[in-house]
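Peer 1: Spelled out, the chains give:
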Amino acid sequence: MDYPIWNLAMGGGVLIGIVAITHVIVSHFAVGGGFAIAVIETLAVRRRNPAWRALAKRGSLMLILVSTVFGAISGVGIWVTIGLVQPAATSALIHNYVWGWAAEWGFFILEVVTALLYYATWDKVRPRTHLVIIWLYFFAAYMSLVIIQGILSFMLTPGRWLETHSFWDGIFNPSYLPGIVLRTGICLFLAGAYLTLAALRERDRRARVPMVRLLAGFQVVGVLLAYGGYRWWEHVLPGSVQAIFTGATPLLPALASTRHLALWALAAYLLVALFAAAVPRLHLWPTAVVAMLAGFAFFGGYERLREGARKPFVIRDFMFSNGILVSQIPDFDSRGVLANAVWAARGSEASQVAKGRAVFRAECASCHTIDGYLSIRKLVAPVDPDMLSGILATMREEGNEYAKGTYTHRGHVATDKLDYPLMPPLVGTEAEQEALATYLLTLKPSHGAEATNAD
Amino acid sequence: MPTNLIPALDPAPLPGPPWLFQVLWVLTFFIHIVFVNTVLGGTLLAALAGLARGGRRETRTLFVEVNSWAISLAITFGIAPLLFIQVVLGRFFYTATILVAWAWLGMLVLLTVGYYLNYVAKFRLRAGEGVGALLVVEAGCFLAIAAIQVTVNLLHLQPGRWGAVADNVWAALADRTFAPRYLHFVLAAVAMAGALAAWVAVRRAGKGGDAAACRGMAQFGIRAALVATLLQLVDGFWLLLALPEEVLRSFMRGGAATMAPLGIGIMAGVLLLVVLAGISDPLAQPTRVRHVAELIVGAMIFMVVTRHQLRDFYLASSRAGENVTVAPQLGPLALFLAVFVVCVGLTIWVLVRAAKDRPAPGEGAA
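Residue numbers (my numbering), protein chains in the order written: chain F, 1 to 455; chain S, 1001 to 1366.
Only chain F is shown next, with the shape it has when bound in the complex (with noise of 0.2 Å):
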């Protein structure tokens, strides 16, 4: 909130998705397919097949050009996007999980390593040596994500962390075994997906049709253990978060369509892997890809439901996805947002407008853009003076609910008992609240034509 504003068309949040879901997608295959390819050679050397071996190369050239290129420089682009967009947030997780972070960077030296020296030692040493790299390769690739998974999940469910401030509480939060299963699950269908292509690229029937029945029984293993992990997960979510997305009227439609179509896709890709288990030798490009992209659709819509539900929150009941703290609500709506707010409040002193203004980008700007994404035109444009007095009142009394803890649930703020239950409370004084509506007014599409009238 106190750092200046990137205003971005698309949408800070839109850009981390997408980000976010590009490396996800790849990271998690360097997992799984570390994995599958350290299986397929294992089996080559035992039964002495070369073209299992021919399998495990052409996905070792894959997994180096998508992990460790694509891979390294797309993680490192989330910290770059989350820093950008949310540095408050990108602060107070470094704050509490630097440690956390910095063995995984261990495991990471470890996993880039290994799998440069894997692709770079084919044809020059013993395939014992050559199995012990991949093997490394996996374990370090899966420490990573064990890691990772902790400060992931914390963000929605930080569990007892919020009362202890313990590392260890925040990273075995409540979400982190079922995080860590559905997780499994996807490395290993997104590893069966992936290297099937590579499989199909085998001229020889009859080599072929064992490679696609065990990567079949991948993906089938993985798409189990992703739907048990995602239930499990559901599962422990607090009832204001589920409220989001599940029952009869969820509170975001459009994330509830997200978890249908996830779901189905699962159910999809689950067919599609058990007809290529069932019969490899018709398993072709067409039904590949299909998978592939099954595969896709419910790893993408996850990562959409598990950013979606946490709305209102950055992390979940502790700060708000504007970068303010709950504990601050009662000192700001004393002091003033502005008086805390230095980026959004800079030249601000000239009229109630321009203060208006400084307060919209201080406690809204992070969703919500002027034209673009989350357009406040178009939400305001149908909206009357007295109306939009009415919400921004209503707004900001949710904020004392908040800091009063009112709606408190099982030590969660139950979120779906409030009025806006996917927006931060309003904070500031009365007088901010007021500058608020005026700038939105101008806003208005109208504003401009009662100017002109008036003149």
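Misleading hints may appear alongside valid ones.
DEER-style ranges, computed between Cβ atoms [as the list claims (entries may be wrong)]:
hint: 1; chain 1: S; residue 1: V1297; chain 2: F; residue 2: R48; range: 44 to 50 Å
hint: 2; chain 1: S; residue 1: P1013; chain 2: F; residue 2: K124; range: 46 to 52 Å
hint: 3; chain 1: F; residue 1: A248; chain 2: S; residue 2: W1170; range: 52 to 58 Å
hint: 4; chain 1: F; residue 1: A207; chain 2: S; residue 2: A1327; range: 58 to 64 Å
hint: 5; chain 1: F; residue 1: T408; chain 2: S; residue 2: G1331; range: 28 to 34 Å
hint: 6; chain 1: S; residue 1: F1123; chain 2: F; residue 2: V279; range: 34 to 40 Å
hint: 7; chain 1: F; residue 1: A381; chain 2: S; residue 2: A1008; range: 34 to 40 Å
hint: 8; chain 1: F; residue 1: A207; chain 2: S; residue 2: K1356; range: 32 to 38 Å
hint: 9; chain 1: S; residue 1: L1337; chain 2: F; residue 2: W232; range: 31 to 37 Å
hint: 10; chain 1: F; residue 1: L284; chain 2: S; residue 2: G1331; range: 47 to 53 Å
Just so you know, these hints were derived from the structure itself, not from any lab. All values reported here derive from a predicted model rather than from experimental measurement. Ideal placement from N, C-alpha and C gives every residue a C-beta, glycine not left out.
Since the structure of chain F is already known, use the hints to place chain S on it.
Peer 2: Same frame as chain F, but now just chain S:
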């Protein structure tokens, strides 16, 4: 209304003693910059290899092959200093990056393009095809990344410039230390890559490699390192004199703590120049070539320390009165140290095993 644009300190305490973060930051930054210099300087020399009298293809192949893993390692070892700067100076760092957000984000695109171009060049070189234009574009990508890094670095040090940059983003470049600092960065990279090329050529010649090609590559590397170091000495003094007066004064008054690393770094540079000037035939003077590499690494160590000290002087007034609370997370810290030691140990072990393990005659390879 507030006029100070520095965001408030994060309310969460530091999860370890500040000195530990500083030490880890400097150490990991040094490893990162070794790979960065290899990539940046190597790509530039590969692009300029046409100027060499011999061993052009070998020089290009060397750097393109090296880059295919050095870029990954530069990124991997960049993660740690990126973590530690955010812990210690997050509010300065985030603000600087947001002010030049598009450039900061664009860095990822440049990195992706540069890395994949390197792979294209690698496969084309293996197929015996030309790569000149590819390498020029790749070098352009890495030069632009270096410029963005220098810009953000200078910006996070000087909150007094933030307002002007917020009003006009091009003001980010209006820093009189930008040009000498950028040159300092690029010239160091060229010198290091030149030394690397010469060292590899000498080793290859010793193992029976094509003498003419090795000589051409070694001479090209030494010449590049010599020219870069000569220019570096001039540029280094330009940079020193371009520093803001209060920063320079604080630095000079720092006594042995600041003057020793700088002095040793400059002396290593001068000595490097002398050694480089004395190399007439690199293949016949392998010891001198090795000294070149050692002096460059030595100079880099001290310059990294100096760079870190300068940062403190730049930010001294902005951080005055900063009341940092510390609540060490001993368990997680122990976890990190254990993981780090185990992973680095395993990395070294597996590298050694792979280097030594060769199938016996008649035995199949993986």
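Peer 1: Hint by hint, note whether the structure agrees.
Peer 2: For each hint, the structure was consulted:
1. S:V1297 / F:R48: 44 to 50 Å: holds (46 Å)
2. S:P1013 / F:K124: 46 to 52 Å: Once the Cβ atoms are compared, 50 Å apart, the range 46 to 52 Å for F:K124 and S:P1013 holds.
3. F:A248 / S:W1170: 52 to 58 Å: holds (55 Å)
4. F:A207 / S:A1327: 58 to 64 Å: Since the Cβ atoms of F:A207 and S:A1327 sit about 59 Å apart, the hinted range of 58 to 64 Å holds.
5. F:T408 / S:G1331: 28 to 34 Å: holds (30 Å)
6. S:F1123 / F:V279: 34 to 40 Å: At 37 Å between Cβs, range holds.
7. F:A381 / S:A1008: 34 to 40 Å: Since F:A381 and S:A1008 have Cβ atoms about 36 Å apart, the given range 34 to 40 Å holds.
8. F:A207 / S:K1356: 32 to 38 Å: Check passed, 33 Å falls within 32 to 38 Å.
9. S:L1337 / F:W232: 31 to 37 Å: holds (33 Å)
10. F:L284 / S:G1331: 47 to 53 Å: At roughly 52 Å between Cβ atoms, S:G1331 and F:L284 fall inside 47 to 53 Å, so the hint holds.
Checked against the numbered hints listed earlier, the structure breaks none of them; every hint is satisfied.
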